[in-house]
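Produce the complete structure using the sequences and hints provided.
In order, the protein sequence lines correspond to chains A and B. Going by the working numbering, the letters in the first sequence line up with residues 1 to 234, in that order. Going by the working numbering, the letters in the second sequence line up with residues 1 to 596, in that order.
Note that these hints are calculated values from the structure, not bench results. We put the beta carbon where it would ideally sit given N, CA and C, even for glycine. Watch out, some of these pointers could steer you wrong.
As the list claims (entries may be wrong) - Here are the simulated EDC-like cross-link-like pairs (lysine to aspartate or glutamate), alpha carbons at most 20 Å apart as the crow flies:
(1) B:LYS515 / A:GLU13
(2) A:LYS41 / B:ASP469
(3) B:LYS244 / B:GLU206
What the hints assert, rightly or not - Here are a few chain B residues that sit away from chain A, every Cβ distance over 10 Å (derived from the structure):
(4) LEU36
(5) SER41
(6) PRO102
(7) LEU151
(8) ALA182
(9) GLN190
(10) GLY226
(11) THR291
(12) ASN303
(13) PHE348
(14) PRO363
(15) LEU443
(16) LYS515
(17) ARG559
(18) LEU577
Unchecked claim - Covered by chain A, according to a simulated footprint, are these stretches of chain B (three or more residues, beta-carbon under 8 Å):
(19) 42–51
(20) 209–219
(21) 304–312
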Amino acid sequence: MLVTLKIFRYNPEVDKTFHYETYKLEALETDRVLDLLEMVKGHTDGTLSFRRSCAHGVCGSDALRINGRNHLACKTLVRDVGAKITVEPLLGLKVIKDLIVDMQPFFDNYKKVLPWFVNDSPLPADGKERLQSPEQRAIFDETTKCILCAACTTSCPSFWGGEAYLGPAALVTAHRFIFDSRDEAADKRMHVITETDGIARCHTVFNCTMACPREIEITKAIGELKMAMITGKV
Amino acid sequence: MTTHQFDVVVVGAGGAGLMAGLYASRGAKTAVISKLYPTRSHTGAAQGGISAALGNSEEDNPEWHTYDSVKGSDYLGDQDAIEFMCYEAPQAVLELEHMGLPFDRTPEGRISQRPFGGHTNNVTGKPVRRACHAADRTGHMILQTLYQQCLKNNVNFFDEFQVLDLLIVGGKAAGVVAVDLATGELHVFQAKAIIFATGGHGRIFEVTSNAYAYTGDGAAMFLRRGLPLEDMEFFQFHPTGIYKLGILITEGVRGDGGVLINGKGERFMPNYAPKVKDLASRDVVSRAIYTEIREGRGVNGSNYVYLDVRPETVNKFAALDGRTNPDGSPYIVTGEQILQKLPDIIDFCRVYLGVDPVTQMMPIQPTAHYTMGGIPTNKFGEVVIDDKNTVFPGLYAAGECACVSVHGGNRLGTNSLLDLVVFGKHAGLKAAEYAQQAGFVDLPGSPTAEAEAQFDRLRNGSGSENGFDIANEMKKVMFDLVGIYRSEAGMKEAIQKVAELKERYRKVRVSDTGKIFNTELLNMWELGNMLDIAEVVATSALNRQESRGGHSREDFPKRDDQNWLKHTLVWKQDGKLKIGYKPVTITRYQPKERTY
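In structure tokens, the structure reads:
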């Protein structure tokens, strides 16, 4: 089928401002949007720039705005979005070139929630694993799926309002550790997320949940954090 | 040009690079350089598990793991290194747990383990639960956990920096040259010790489970600097890739009871591996699928078969096989449990195939998956450069880019994650130890000259050829003629074709003249690496006149221990490939016929 692909273009070394280019190409219904970008880059315009790696939805490189909503380009097929496709960079992060945005503020926010396991207690005497029941493990299963693609954070109106807001992805990471029965830094993390630019700026818009390519119920996870904040119980 | 100085530089930030960075940074000033953000690395795509004989659900021990890996390697693996890895495995997995890795749990709260291909109870010959898992995203959890621990320990990261060249002065490692993708600026990293953890090169094949980033950069840089590569003819084709796309469907599907079904609706693996059936080694299963297809038993006469994990199928064959749970009760699964154990697989099938594996069968075909060969090292991650295993001062390699060799002719599933954790750690430790007693080697006069020359060639080609087309032609010829089954005529044709493509590659001209995120320049540079590696793979494969592990010659269908129980080494000298050999280390297990 013939697909019309409209792509946001901006080359900081040449352009004063951004513009859109439209490409028409033959594609299959089962082609990924990423395949289309590769075709344009390979045959029509080599300067088109975007990030990609795994091409099957697990590395998080190619989160983009496709027909106005955040998706991974490698996990969105032509049959999902139709023959008229508009591809733009994620909102809320500075565009560096074409579809590539500056990820630094996103990763800076991630780092604020102490995104690492903390347990300074002695290991079990037999040197083996710290025990955790399947039920304890299940509580934070969802939030271990995050691939840091930024689709959620850049779909959030609060984040659009200012990148100081931690954003959904950082909160998902906080959830992953706070609700891990083995972790001992929940208090410190709760302190971080209850600061001004933390969880209070989530207004349950649900955009993050809709955007997550890993189908994490982000708003629910944030809700659990809010409940923990109010009750003081994890 | 900016120059940096670090005791240790790690190139690549997948599982091996992060593990190396974590350990090296405890004893030396360390930088980790990666062309991707570390969490985008391909370790994150690993699904099924990491093996260790923890024996959490049933009897197991590292000796069995060692034997299974030796047998899996078709006796080409070095047995001292395999034994080292398998005995390190339980501690390595426990260390990951101590770092917070969220493994799935047994009812007792211990790390949950599942069966995987080629992992057996050596007494009964039956599959054993050895693969420690976090659903079907074990690699993702390892990558995240290690990255997080690196952040906690303030490891220095240079994200989205592509290393272009390895600097060697007076027979010692001196540093690397990299380009900052965001600015196009060249950086020189002077280092006492350099650890390569750059991953594999599956992208030289048309149907692959590998990331775009898997272009063999590290191996190609070594080759250009006159260093050898080992056993490059050995490449693993994973039996179950999503039809046409090559996206991986974990062996854990079969570990959890899934079976392969041909176009006639028959389960065919018992004909090829009567004992372990669908859980035979990957090379065995991939060949079985190809044989079914060739003999006209593909689905609808086409080149794929089905993987069936529908509960009714799983339960039917589990009952026939007499499969039981650890407590002795019959093995029965529900759709719910399948969904819980394999969420990502089910998601992939729904997205890319429109198929729901709980109620429908998955169309699959073998997919290029794993690089067994690579940069030769010893079991401490030190790079060795000849048949006597002479260590090259200051150079280390770990993970998929390295060839220790623990995988030999065929890697067992789950041993890749184990490999990168164990050897990443030891490479990091050794590199830091070396850096503590070694001095910096003076950099060459113009350290960036070679890197700049490579870029200049790509900017100044005549422009009469298109790199995208060259890449596609290379992938096709490598998959068709240097794939699962190989023959002399086919491989000669492939070598000829790759040579032509290399000629055409010289006429490519990068149209993007900018500096900021010039991804076209980067991709074309990667294509050069892939062409170099494809030539080495095809040449090594043509040279080895036997069938062993993942290397199956139609004209030499048998393993030939008399003449070929040896590693291949390949050097590039004056633009030509030179082949040599290295003995296999055999300690306890004499080669014997390999049946499953």
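- Message: Are any of the numbered hints broken by this structure? If so, which, sorted upward?
- Response: Violated: hints 4, 5, 6, 7, 8, 13, 16, 21.
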